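Using the hints, position chain B against chain A.
Top line first, the protein sequences correspond to chains A and B.
Counting along the first sequence from 1, when you hit position 105 you're at 105 in full-length UniProt numbering, and nothing is skipped either side.
Counting along the second sequence from 1, when you hit position 63 you're at 63 in full-length UniProt numbering, and nothing is skipped either side.
Keep in mind that the hints were calculated from the coordinates and are not lab data.
One or more hints might be untrue.
Looking from chain B toward chain A, a few residues come up when the C-beta cut is under 10 Å (computed) [to be verified]:
(1) Y50
(2) V208
(3) R330
Keep in mind that this is a model prediction, so the values were computed, not measured.
Glycine residues also receive a C-beta, built at the ideal position from the N, C-alpha and C atoms.
The residues making up each chain are set out below.
Number of protein chains: 2
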Amino acid sequence: MHQQPFIRSGGVEGFRCARLKLFTVGPVACYPEVLEEMGRQMYSHRSEEYIALHYETVELLQRFIETEDPVFLFSSTGSGFMEASVRNCVRKRMICCVNGSFGKRFAEVAAACGRAVERLEPPLGEPVQPDMLEDVLAGSPEAEAVAITHNETSAGLINPLRELAAAAKAHGKLVFVDAVSSMGGAEIKVDEWGIDVCFSSSQKCFGVPPGLAIGSVSGEALRLSEGAADKGWYFDFKLWEAYHERGVGTPMTSVIPQVAGLNRALKLIEERGGKSWYFDLYRERNTRIRRGVERLGLSTFPRRGYESPTVSCVKAPEGAKGPAIYEGMRGRGFELAEGYGALSETTFRIGNMGHIEMGDIDLMLGALGEVLEDL
Amino acid sequence: MHQQPFIRSGGVEGFRCARLKLFTVGPVACYPEVLEEMGRQMYSHRSEEYIALHYETVELLQRFIETEDPVFLFSSTGSGFMEASVRNCVRKRMICCVNGSFGKRFAEVAAACGRAVERLEPPLGEPVQPDMLEDVLAGSPEAEAVAITHNETSAGLINPLRELAAAAKAHGKLVFVDAVSSMGGAEIKVDEWGIDVCFSSSQKCFGVPPGLAIGSVSGEALRLSEGAADKGWYFDFKLWEAYHERGVGTPMTSVIPQVAGLNRALKLIEERGGKSWYFDLYRERNTRIRRGVERLGLSTFPRRGYESPTVSCVKAPEGAKGPAIYEGMRGRGFELAEGYGALSETTFRIGNMGHIEMGDIDLMLGALGEVLEDL
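In isolation and in its complexed conformation, chain A is listed as follows (with noise of 0.2 Å):
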């Protein structure tokens, strides 16, 4: 069946202990109280238990991302929510900005459910700027919604949502935002903004394990939602809002361990500061990765001012492939991520999501050196 031999050097011992320090881009690595969560005996997710957790868990995250539309904690990863807003809110057209594989994702999900795809592609590297995106937005008077990922991982680049956003609004597109590796790590402001369908994953920024998508559902999303021909059941918004409504969370069973995760995560962060104290945290954590690397001599791919601050893309040296570095960080007890898509063999990744310590960002950084040097 599948081609590559089956691997049975680590066995189930191998796959227990992942000794690894992660500097992945998701899944990475999980508080310990949030991997507290996880190992709980199980509920019903109709019992008085998962309803409280569950309601808390949508004010907590509505409260995070200021927003006073419904939350809804989709089983599924985050480009369950992707397909949802497609199959919602777009009846024939929409415009995807593209400049990674995350964006390319959004147009292909959205080809997949045959609607047509206008993209915007900036060179890779570059983010899109609001004035490209008058530019399409002034030749394309019938797109219906506008999709953006507002972190490109691939790219280790940040797109100017807000202003992006505005322009989509000043046309009265829908917005679709991919936030998924961006929400928890950078602001973002629902209403104020103007985002109708903004989603995430639970294994990003938050530090819990994959499995759960998180987004928020506008008003005019839902109405949309209303009259939409071929929208499926499960991703189906009115459903989810109606169950949402009623007080019994979800249409189907609920992910109890990620949504439990996800509350802890959530809790720390307020007791430790909220959510301003953890933005904090992680341009922390980012700029002392990309000082490293540039005292090490590398530089980082996208272009200078639109940084990721969730993870780094990092050129390869002279001579020097992406691929052997990930390698030899491997060999020395970290995992960072590999260069993705079209940057695979020049690129390697630093995500900094997650449980991750700055001591032992110092250690990767005296890691990277010693692969550096043997190359």
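Coordinates of chain B only, in the frame set by chain A:
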């Protein structure tokens, strides 16, 4: 937003300690070894550790349900796989066997995907019999597929899957099986019985938390998926097949903790005597519960001979209501399941899935006797 007031009574402590002994129908009580897996630190879904875990889990499942078809590990619940079967394989019309709430869901999902649905609907408590299906098949030559709920949790009833699949196959139809609450607790031979899509969820018979759907997909189902027009991206069988064959696991991030938990559960079953041992265990638990219930003067709901081996649907005694018994049992430390759908007032349900000891069954029956006396 939601109308039910936020239940603050329990708070975090409330949902951390599910101290009730579970006889639910999913999420069910999980094995301690599985919970241990759930609490482990994360690693990448593209790492060799995950790839080894993934394909080993697939092989264990293929062996368990006796198929050479690929088994996909969806980041969703079983309902996601239900929708996938419709979207990938049915163009216009299908037959849905409905004798309870989950058969009804299959019909609802198919309709939400814009397909015409022919319902085969015996009276509640009666199984779908092969001759009934023959009649519908004879009158619906244009139907492309037959959806069968193997075990109907809402009525505590198991349908004669082997015979129903044979009838559908004799007419050249695709066979979709919702095995959510039977896979692991009752025999299913996918290849021999001619099942095209056979899916289940982690949180039922295997005693793992929710968030993972598992299902086999036949060559014919894959062939139909190739030409399907509006199948979308998230549940696209051909996309899953491509990743499966390339040896990289899943197209999107995998629900790693639940996959690790399921892997552990499947190995526990192998170590303790394999699937026949596990089926015997289910029969033994189930018989002990049904005999106990009968000794208390109660009877089970469905027609004799078609009682589910994984959940008993018990008629509330004259003058009493199911929910009152459910509440009484909670007060005594046992969480059963309430009646479902049309049976919500007149029945209650006792699941025997997941981590249940024989001694717990006796304690539960003792408590049930007290609850009935107090009515």
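Non-conforming hints, listed in increasing numerical order: none
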